[in-house]
Amino acid sequence: GAEAAGAHAGAGVSAAVAVELVHTFSLLHDDIMDGDATRRGRPTAWKAYGTGPAVLAGDALFALAVETLASAPGSHVPSAVRHLSTALNDLVSGQADDLLFESRPWTGAEAVGPGEYRAMAERKTGALLGCAAALGAVLAGAPAATVTALDRAGRHLGVAFQVIDDLLGIWGDPAVTGKPVHADLRRRKKTFPVLAALDNPAAVRPLAHLLESAEELDETTARRAAAAIEEAGGRSAALAEAHRHIAHVHTCLDSLPTAPHAADDLRALLAFLVRREM
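Its first residue numbered 237, the sequence shown is counted upward by one per residue in this note's numbering.
Please note that the accuracy of each hint is not assured.
[To be verified] Straight-line C-alpha distance at most 27 angstroms; calculated DSS-like pairs for lysine-lysine:
1. Lys425 - Lys415
2. Lys426 - Lys415
3. Lys425 - Lys283
4. Lys415 - Lys283
5. Lys283 - Lys426
[Unchecked claim] Pairwise CB distance ranges (calculated):
6. Asp490 - Ala438: 18 to 26 angstroms
7. Arg441 - Tyr285: 38 to 46 angstroms
8. Arg340 - Arg460: 21 to 29 angstroms
9. Gly351 - Ser311: 24 to 32 angstroms
10. Ala476 - Asp454: 24 to 32 angstroms
11. Val510 - Arg423: 20 to 28 angstroms
12. Gly310 - Thr384: 18 to 26 angstroms
13. Glu452 - Asn325: 34 to 42 angstroms
14. Pro416 - Leu335: 15 to 23 angstroms
15. Pro442 - Gly310: 56 to 64 angstroms
No wet-lab data here; the hints were simulated from the structure.
Model, not experiment: these values are computed from the prediction.
Note that beta-carbon positions come from the ideal geometry of N, C-alpha and C, so glycine has one too.
Start from the sequences, fold in the hints, and give me the full structure.
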C-alpha cells in the first residue's frame with residue numbers, strides 16, 4: 237500500500253545520504269593521499285585548510301554516514317550496516333592497492349598488469365557504486381537476488397567509470413575535467429590505458445623509457461607519451477574495457493524483478509558515462 241511505498245522511499249533516502257557521506261569522506265582522504273591540489277577547479281580541502289583538518293573532516297563524515305544508516309527506521313538496518321561495512325573494506329583494500337601500484341615497476345615480473353588494475357578498480361570504485369545501487373534495496377528488505385543484481389551492476393559501473401576517468405586523465409579537456417592536460421601522465425599514474433599499452437610487446441620499451449625517466453614530464457614529453465599510448469592501443473583497449481563493463485551493467489539491470497522506471501534511472505547514468513568519453 238501507500239504506507240509501505242513511503243517506507244521504502246524513506247529507506248532509499250537514508251541509504252543515499254549514507255553512501256554520499258562515505259563518498260565525500262573518500263574524496264577528502266583520496267586527495268590527501270594523491271597530493272591533488274585541486275578538485276573541480278577549486279583548492280582541495282587539505283590544500284585550503286591543512287592535512288590534519290581535512291583528515292578529521294573525512295573521519296567526521298564517515299562517522300555521520302554510519303550514524304545516518306544506523307538511525308534509519310525498519311528491521312533491516314543491521315543488514316544494511318553490514319553491507320556498507322563490506323563496501324568500505326573493499327574500498328580501503330582497493331585504495332591500498334592503488335597506492336602500492338605507485339612503487340611497482342613499469343615492466344618485468346613485478347609490473348602491474350591490466351587484470352590486476354581491473355581488480356583494484358572493482359574494489360576502489362566499484363564497491364562504493366555497488367553499495368550506492370544496492371543499499372536502499374537492503375534497507376527496504378528486497379529479495380537477495382535483487383540486492384545482488386544491483387550490487388553487481390554498480391560494481392561493473394564503477395570499473396567503467398574508473399576506466400573512463402583514466403581516459404579523461406590523459407586525453408580529457410581541462411575545461412571539462414578541471415585538471416591540467418595530461419594530468420595523470422605527468423604524475424606517472426598507472427592507469428588502465430597506460431598498462432594496456434605496456435601490455436603490447438612492440439610498445440613496451442620506448443614507452444617504459446619515457447615513463448621511467450627521472451626527468452619531469454613537460455608538455456612536449458607528455459604529449460609524446462600520450463601519442464605512444466594511443467598508438468600502442470591503450471586508448472582503444474580502455475574504451476573496449478569500459479564498454480564491456482557497461483554491457484554487464486545492462487545484463488544485471490535486465491535481470492531485476494523491479495519497476496522498469498527504476499532500471500531506466502540507472503541506465504541514464506550509463507548514457508552519462510558514455511558522453512564523458514569525449
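Cross-check of the supplied hints:
As the CA atoms of Lys425 and Lys415 are separated by approximately 14 angstroms, the hinted pair is consistent with the 27 angstroms bound. This hinted pair checks out: Lys426 and Lys415 have alpha carbons roughly 17 angstroms apart, not beyond 27 angstroms. The straight-line distance between the Cα atoms of Lys425 and Lys283 is roughly 21 angstroms, inside the 27 angstroms bound, and the hint therefore holds. The suggested pairing of Lys415 with Lys283 holds, with an alpha-carbon distance near 15 angstroms, which does not exceed 27 angstroms.
The suggested pairing of Lys283 with Lys426 holds, with an alpha-carbon distance near 24 angstroms, which does not exceed 27 angstroms. For the hinted restraint 18 to 26 angstroms between Asp490 and Ala438, the CB-CB distance of approximately 39 angstroms leaves it violated. Taken as a hint, the range 38 to 46 angstroms holds for the pair Arg441 and Tyr285, whose Cβ atoms sit roughly 45 angstroms apart. Between Arg340 and Arg460 the C-beta distance comes to about 23 angstroms, which sits within the given range of 21 to 29 angstroms.
Distance hint for Gly351 and Ser311: a CB-CB separation of about 41 angstroms, inconsistent with the stated range 24 to 32 angstroms. At about 31 angstroms, the beta-carbon gap between Ala476 and Asp454 stays in the expected band of 24 to 32 angstroms. One distance hint, 20 to 28 angstroms for the beta-carbon pair Val510 and Arg423, holds here, with the actual separation near 26 angstroms. For Gly310 paired with Thr384, a C-beta distance near 20 angstroms keeps the hint of 18 to 26 angstroms intact.
Checked against the given bound of 34 to 42 angstroms, the beta carbons of Glu452 and Asn325, roughly 36 angstroms apart, stay inside it. One distance hint, 15 to 23 angstroms for the beta-carbon pair Pro416 and Leu335, holds here, with the actual separation near 22 angstroms. A hinted range of 56 to 64 angstroms for the beta carbons of Pro442 and Gly310 is consistent with their spacing of about 59 angstroms.
Of the numbered hints given earlier, the model fails hints 6 and 9; all others are met.
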